[in-house]
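A.B. asks: Take a look at the letters that make up each chain.
2 protein chains.
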Amino acid sequence: MTIEQIEAAATRLAGQARVTPMLNAPLLDAAFGKRIFVKAECLQLTGSFKFRGAWSAVSALAAGAGGVLAYSSGNHGQGVALAAARHGKPCVVVMPSDAPPVKIANTRAYGAEVVLYDRATGDRDAIGAALCGERGLTLIKPYDNAQVIAGQGTTGLEIAAQATAAGITQADVVVCCGGGGLSAGIALALEARAPGLRVRTAEPDGFDDMARSLQAGTRLSNARKGGSVCDAILTPQPGEMTFPTLYSLAGQGLSVSDDEALRAMALAFTHLRLVLEPGGAVALAAALFRDTSPDVICTASGGNVDPAIFADALARFGG
Amino acid sequence: MTIEQIEAAATRLAGQARVTPMLNAPLLDAAFGKRIFVKAECLQLTGSFKFRGAWSAVSALAAGAGGVLAYSSGNHGQGVALAAARHGKPCVVVMPSDAPPVKIANTRAYGAEVVLYDRATGDRDAIGAALCGERGLTLIKPYDNAQVIAGQGTTGLEIAAQATAAGITQADVVVCCGGGGLSAGIALALEARAPGLRVRTAEPDGFDDMARSLQAGTRLSNARKGGSVCDAILTPQPGEMTFPTLYSLAGQGLSVSDDEALRAMALAFTHLRLVLEPGGAVALAAALFRDTSPDVICTASGGNVDPAIFADALARFGG
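Chains as they are written, first to last, in this note's numbering: chain W, 1 to 319; chain E, 320 to 638.
Wrong hints could be hidden among the right ones.
[To be verified] Lysine to any residue pairs mimicking SDA-like chemistry, simulated, CA-CA at most 20 Å apart:
1) W:K89 with W:D123
2) W:K225 with W:D125
3) E:K353 with W:A85
4) E:K353 with W:G111
5) W:K34 with E:G430
6) E:K408 with W:L27
[Stated by the list, open to error] Label pairs and their in silico Cβ distance ranges:
7) W:G167 with E:A485: 28 to 34 Å
8) E:D625 with W:T2: 45 to 51 Å
9) E:A439 with W:H87: 57 to 63 Å
10) E:A349 with W:T169: 39 to 45 Å
11) W:S221 with E:D578: 46 to 52 Å
12) E:Q571 with W:I3: 50 to 56 Å
13) E:K544 with W:R316: 33 to 39 Å
14) W:G111 with E:D437: 24 to 30 Å
[What the hints assert, rightly or not] From chain E, some residues computed to sit far from chain W (all C-beta separations above 10 Å):
15) A349
16) K353
17) G385
18) H406
19) S416
20) L458
21) Q489
22) Y566
23) A585
24) T589
25) R592
26) D614
It should be emphasised that the hints constitute simulated quantities derived from the structure, not laboratory data.
These numbers were taken from a predicted model, which means no experiment stands behind them.
C-beta atoms are modelled at their ideal positions from N, C-alpha and C, and glycine is treated no differently.
So that you can see chain W by itself, here it is in the shape it has in the complex (with noise of 0.2 Å):
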């Protein structure tokens, strides 16, 4: 991976997703004593940024490609769903039963072919295998894949020159880590154009495989698959292409409980009046109850949330 994919990246995302803001507040900034920066990729198309990556998967194949498919809890199948109706090409999103029911429907919405798995007994990779094979599909991985890595790379271009805007030269960038896709994108950005960020991962305790894996200098597994409410971050190993990258460039990995994310949303309710999912909310409580830099930029990663989920978390912690 190089900066030169990652810019050819943007140069296709360049009037399909947006430039999303980095939103700062004043009172949150009192509250806990430093400056908190907000990358607000929840107001990205899709409401993730995972539609990044797939625009630039999508908008990089062959000419005469046929559809393409993807694996997803949720947030890249709808990512993959948007890009592939906008190219005018079939799409199946395969997705575990348990997916939030909001993310299911949104992906039928975009127009994609869902289908549904067991997250405990089936094995996606073979479903996925199958149905390419079947159909003529190309598999487009959530992250072990260059042109989905320069996608979410985009994310890091501006981090960068919104940083050097706001007169940002050092600070931590916290980031929501599943895989590793955004955050190895973001550190190859910042690395060639805002030397002085360096990007951390915040996971969800229990499924910190990332901080295992840096910490050990190899890929370490969870022991669970599932049981956090972050579902969108509850991958079970770093990426092969992601892990390296981040090995050489990432500082210490990070980790909140599913209680602190949900805090995290509740904060960025009142002082951002922005919707964060769990775990698109886990990069801002690691910011704020973890990283002890006096700037620290986050990535409020993904807003694809259950009312229902939404509404326990403000109950609980928006007083």
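Starting from the structure of chain W, add chain E where the hints point.
C.D. replies: Here is chain E on its own, set in the frame of chain W:
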């Protein structure tokens, strides 16, 4: 009021207020069969467009001027409080005692002294005038102030530029309307910069003084002073300075029920990942449920809402 005053305000606001995004959601468009663009002023500093007018007015004060006073149901007060704090000036905000607790708390957190009065029996003008006299404060009215209208008009400059960039040359621009400062400012900016865009005011049913006044050609009052969840825009009658502008430039006014405003909040949650307060959602509600133009732009003018009211909107309309 002239476009030059709005441009001068824009110069003073540069780097102080945010240029907010104009958002669009493919699934919302599909559900309603038209293109809906949302100017997300809930992402403005202090959570509403009011910071624009406040900064415009405070930054236009004479060099030796002392502190400032505002009366406000909450959003204007928060805007003036932060603008005054960043100018190093003392600030008093006169608020009704039934204002949402989050607005009272935030106004204090921005450094203002809050003076509460009873909306049914008290006279905020008299209280404000007395305090201004005693303490040598300058009153910053919420809408009948040329610098405030000019500041709110910077929203219109941005809408004109963003609509042009999106290829929109003909559209209704539905604006949340209390006293009419935002509506009048935007109307003046659009007249000069995007004459194919026409302002229509949006108000709560029963508090549609502007719509009725525009129809009658003279300023009419509302029968009630309170009783709608849309606290931010329950003004008794159109502003003296704002009405003539809107009478000359705006289309027919619109109004929506409280339930429609709450439903628009739930739709903004799902499709735009924005937190709106009821009064900040009436324009989206009117754009969705009343306006019939194929392209419609609306302001999401504020997002300072108590969690319980937001959770109630989700529980009732978030399905």
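A.B. asks: Against which earlier hints does the structure fall short, listed by number upward?
C.D. replies: Hint check: 1, 14, 15, 23, 24, 25 fail, others pass.
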